[in-house]
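Q: The lines below spell out each chain.
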Amino acid sequence: MAKHTGRGLAAIEYPSGMNQNGDPSQAWIKVKPDGRIDVFSGTSDIGNGAKTIQSQIVAESIGVPYDWVTFDNSNTDSSPVCTGTFASRATVIAGNAVLKAAEEVKTKLLEIASAEMEIGPQDLDIIDGEVQARGAPSLTMDVADVAAAATYGHGQLITGTGAELNAFAAITNSETGEVDSPPHAAISYAACAAEVEVDDETGIVRIVRMVQAYDVGKAINPTLVEGQIEGGAVMGLGLGVLEDSYPYYPSPDHRGSHFGSYFVPGMEDLPQIETIIIENPSATGPYGAKGIGEMANNSQPPAIAAAVHDAVGVWVTELPITPERVLRALDAKAAGGGQPRREGKHIVFDEELSVNSVASGISWTSDS
Amino acid sequence: MNITVNGDELEVRSPGLTSLLRVLRDELDVVGPKAGCEAGGCGACTVLVDGAPRRSCLTAVAAIDGAEVTTVEGLGAADDLSPVQQAFVHYYAAQCGFCTPGMVVAATHYLDSGGSDDRKEIQEALRGHVCRCTGYVKIIEAVAAARGGNFDLTTTAEGGYTTVMTGDAK
Numbered sequence: 001m002a003k004h005t006g007r008g009l010a011a012i013e014y015p016s017g018m019n020q021n022g023d024p025s026q027a028w029i030k031v032k033p034d035g036r037i038d039v040f041s042g043t044s045d046i047g048n049g050a051k052t053i054q055s056q057i058v059a060e061s062i063g064v065p066y067d068w069v070t071f072d073n074s075n076t077d078s079s080p081v082c083t084g085t086f087a088s089r090a091t092v093i094a095g096n097a098v099l100k101a102a103e104e105v106k107t108k109l110l111e112i113a114s115a116e117m118e119i120g121p122q123d124l125d126i127i128d129g130e131v132q133a134r135g136a137p138s139l140t141m142d143v144a145d146v147a148a149a150a151t152y153g154h155g156q157l158i159t160g161t162g163a164e165l166n167a168f169a170a171i172t173n174s175e176t177g178e179v180d181s182p183p184h185a186a187i188s189y190a191a192c193a194a195e196v197e198v199d200d201e202t203g204i205v206r207i208v209r210m211v212q213a214y215d216v217g218k219a220i221n222p223t224l225v226e227g228q229i230e231g232g233a234v235m236g237l238g239l240g241v242l243e244d245s246y247p248y249y250p251s252p253d254h255r256g257s258h259f260g261s262y263f264v265p266g267m268e269d270l271p272q273i274e275t276i277i278i279e280n281p282s283a284t285g286p287y288g289a290k291g292i293g294e295m296a297n298n299s300q301p302p303a304i305a306a307a308v309h310d311a312v313g314v315w316v317t318e319l320p321i322t323p324e325r326v327l328r329a330l331d332a333k334a335a336g337g338g339q340p341r342r343e344g345k346h347i348v349f350d351e352e353l354s355v356n357s358v359a360s361g362i363s364w365t366s367d368s
Numbered sequence: 001m002n003i004t005v006n007g008d009e010l011e012v013r014s015p016g017l018t019s020l021l022r023v024l025r026d027e028l029d030v031v032g033p034k035a036g037c038e039a040g041g042c043g044a045c046t047v048l049v050d051g052a053p054r055r056s057c058l059t060a061v062a063a064i065d066g067a068e069v070t071t072v073e074g075l076g077a078a079d080d081l082s083p084v085q086q087a088f089v090h091y092y093a094a095q096c097g098f099c100t101p102g103m104v105v106a107a108t109h110y111l112d113s114g115g116s117d118d119r120k121e122i123q124e125a126l127r128g129h130v131c132r133c134t135g136y137v138k139i140i141e142a143v144a145a146a147r148g149g150n151f152d153l154t155t156t157a158e159g160g161y162t163t164v165m166t167g168d169a170k
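Those sequence lines, one after another, are chains S and C.
Just so we're aligned: the first sequence equals residues 1 to 368 in my numbering.
Just so we're aligned: the second sequence equals residues 1 to 170 in my numbering.
Treat the hints as calculated values from the structure; they're not laboratory data.
Note that CB positions come from ideal geometry on N, CA and C, so glycine has one too.
It is possible that some hints are incorrect.
To list a few chain C residues with every Cβ distance to chain S over 10 Å, as calculated [unchecked claim]:
#1 L58
#2 E124
#3 L126
#4 A144
DEER-style ranges, computed between Cβ atoms [to be verified]:
#5 C/S14 <-> S/S181: 34 to 42 Å
#6 S/Y262 <-> C/E124: 32 to 40 Å
#7 S/N21 <-> C/R13: 31 to 39 Å
#8 S/I12 <-> C/P15: 37 to 45 Å
#9 S/V208 <-> C/D50: 38 to 46 Å
#10 S/Y152 <-> C/E9: 20 to 28 Å
#11 S/I12 <-> C/A63: 32 to 40 Å
#12 C/S113 <-> S/N21: 51 to 59 Å
#13 C/V89 <-> S/T5: 56 to 64 Å
#14 C/S113 <-> S/Y66: 49 to 57 Å
#15 C/V89 <-> S/L139: 46 to 54 Å
Which bits of chain S does chain C cover? Going by a derived footprint, with three or more residues having C-beta under 8 Å, they are [what the hints assert, rightly or not]:
#16 45-58
#17 92-99
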C-alpha cells in the first residue's frame, strides 16, 4: 500500500462560436460632443471580461484612450441583438461586431477632421485621442474638437454600426457533406499536462500540478486570458476527480444538492498551476483572437485520467475519477481481469500546414 | 433589537430567528453579503460580527442583538477602496464577483489578525470560501499582495504567463 505519482498529457481543439448556425451579434457606437465613445452591444459580461475586451477593441481600433470608452448593455431595449455569451463566442463574434462599428466611427471622425484641417482623410490617422497628419505629426486636432465640430458645426451625430453573423448553412451535397458557407477559421488548440498522486489504499487522487498551454490566437487582455485558463483548470480538476451530479443511489432525487454532497474544488484542492499562452493568430477573429471560454476546462480531465494510468496502471473510463472507481479498477486488475488500453485515434498533425492555413486566411468559394 | 451596520445603529423589526443575511439584504437593504447556498457551505454571505467573521446565513439576528456588523460595504467605498479591495481589483481576483464580498471580508480579517503572505496559510484561512470562476489563483495572489501592500495601482499586475508567438496576425 503506497502512494504512486504519475503524469499524463491531453490535447484538444475547439471552435470559437457556433459554426454555421445563425448566431448574430450586433453593436452600435456613438461619439459624444466631447469625443467620448459610447458602445452599445448586447453581449453580457458574465465575468469573462466581455465589457473590458470589447472596450479595448473599440479604443484600439478608433485610436483613443481606453478610459474614453463607456460600454453600456444595461438595458435590453436599447441594446442591439446578441445571441449571448456562450460557445466561446464573446471575444470573437461580438468582438468583430464592435470592431466593424469602431472602424466606421473612425472613418467618419476622419471625414470631419479632414474638412476642419483641410487635409485629405487618407492622410490622417488617430493616435491616442488625437488626429494627426501622416508625416506631419505637428498638424493635429484633438478628437474632442472633431466631435464638437461634428455636433455644433456640421450638425452630425457620428455613429457606427457593426454585426457579425455566421449564417445558417444548407447542406448542398449529401454525399460529401460539403456546405454552402465557410467553416470556422478560428479554431483553438490546447493541451494540459497533469501530475497526480494516487493512494492505492484509499483510492484518493490528488492533483499535484497542472500545466496548461492554450492557443488563444491573440491575447487581447493577457491577464483576463490567464484568469480564464486558471479558472478553467480548476473546473477541469473538479470534472476530473470531484464533481458528480448523478451517482447517487437509488434515484436522481438523491443526487448532491448542496456543498456537502456535490464537491466543488476548494482552495485546499488547488494544485500548482502554470499557464502558457500561445498566440497563433486566427484568420477571422478580431486582431487574430480565438475564443477559449469553454475549452478552458476540457483538457484537464483526460490528462488526469492518463496520469492516473501512469501512476497505478489502470484506466478509469468514467468521470469523475472517484476513490471508488479507482479501487474498483485496481481490484479488477488484481483479479486478473485487467483493463486493456483502448485504441485511440491516430491523427497526423502537420504543424507547418496548420500554422500557414490558419495564419494566412482560408480561401473559400461556395462551389469549391 | 438593534444592530450597528457599518457604523449606523439600526433597529431590527424582523423576527428574532431571521438570519442576519436576510435581515441585512431584505430589511436593511445592505446587499453586499450574497445569498449563495444559505447553508453555511459557500462563504459568500460572510460578514464581521464584532470583528470576527461569521456566516450571516447561519446567524440568527436575535443572537447578536447589540453587536457591530461590518459588511464589505463598510470596508471601503468605490473612491476609497481598502487595501484588500485595491488588491482584488489590481490582480483581477474577481470574475463574476459573487464570492468576492465574502472573500474580501474574510481576507481582511485574516490580514488584520496578522496573517502572512504564505500561500498555504492563505489557502487554509480562506478554504471555506468557494469560487467557481477564478481557480483561486488570483485571489491568493491578491491577498498575498495586500499583505505586502506594495503594488502599483496604475497598471495591471504582471501575469505569470509565458507567451509564445507563431505566425503573424492578419
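Q: Determine for every hint whether it applies to the structure shown.
A: Outcome of the hint check:
1. L58: With a cut-off of 10 Å, C/L58 remains clear of chain S, as the shortest Cβ separation is near 13 Å.
2. E124: Since the minimum Cβ distance to chain S is about 8 Å, C/E124 lies within 10 Å and the statement is violated.
3. L126: Given that some Cβ of chain S is not farther than 10 Å from that of C/L126, nearest at about 6 Å, it is violated.
4. A144: Holds, because the least Cβ-Cβ distance between C/A144 and chain S comes to about 13 Å, which exceeds 10 Å.
5. C/S14 <-> S/S181: 34 to 42 Å: Roughly 59 Å apart at Cβ, these two residues miss the hinted range, so it is violated.
6. S/Y262 <-> C/E124: 32 to 40 Å: violated, 23 Å
7. S/N21 <-> C/R13: 31 to 39 Å: Given a distance of about 53 Å, which is not inside 31 to 39 Å, the answer is violated.
8. S/I12 <-> C/P15: 37 to 45 Å: With Cβ atoms ~53 Å apart, the hint is violated.
9. S/V208 <-> C/D50: 38 to 46 Å: The hint (38 to 46 Å, Cβ to Cβ) holds, given that S/V208 and C/D50 are roughly 40 Å apart.
10. S/Y152 <-> C/E9: 20 to 28 Å: violated, 53 Å
11. S/I12 <-> C/A63: 32 to 40 Å: Violated, since S/I12 and C/A63 (Cβ atoms, about 51 Å apart) do not stay within the stated range.
12. C/S113 <-> S/N21: 51 to 59 Å: holds, 53 Å
13. C/V89 <-> S/T5: 56 to 64 Å: violated, 38 Å
14. C/S113 <-> S/Y66: 49 to 57 Å: Once the Cβ atoms are compared, 38 Å apart, the range 49 to 57 Å for S/Y66 and C/S113 is violated.
15. C/V89 <-> S/L139: 46 to 54 Å: With Cβ atoms ~39 Å apart, the hint is violated.
16. 45-58: Holds: 4 residues of the stretch 45-58 of chain S have a Cβ under 8 Å from chain C.
17. 92-99: n = 0 at 8 Å, threshold three: violated.
Of the numbered hints stated above, those contradicted by the structure are hints 2, 3, 5, 6, 7, 8, 10, 11, 13, 14, 15 and 17, listed in ascending order.
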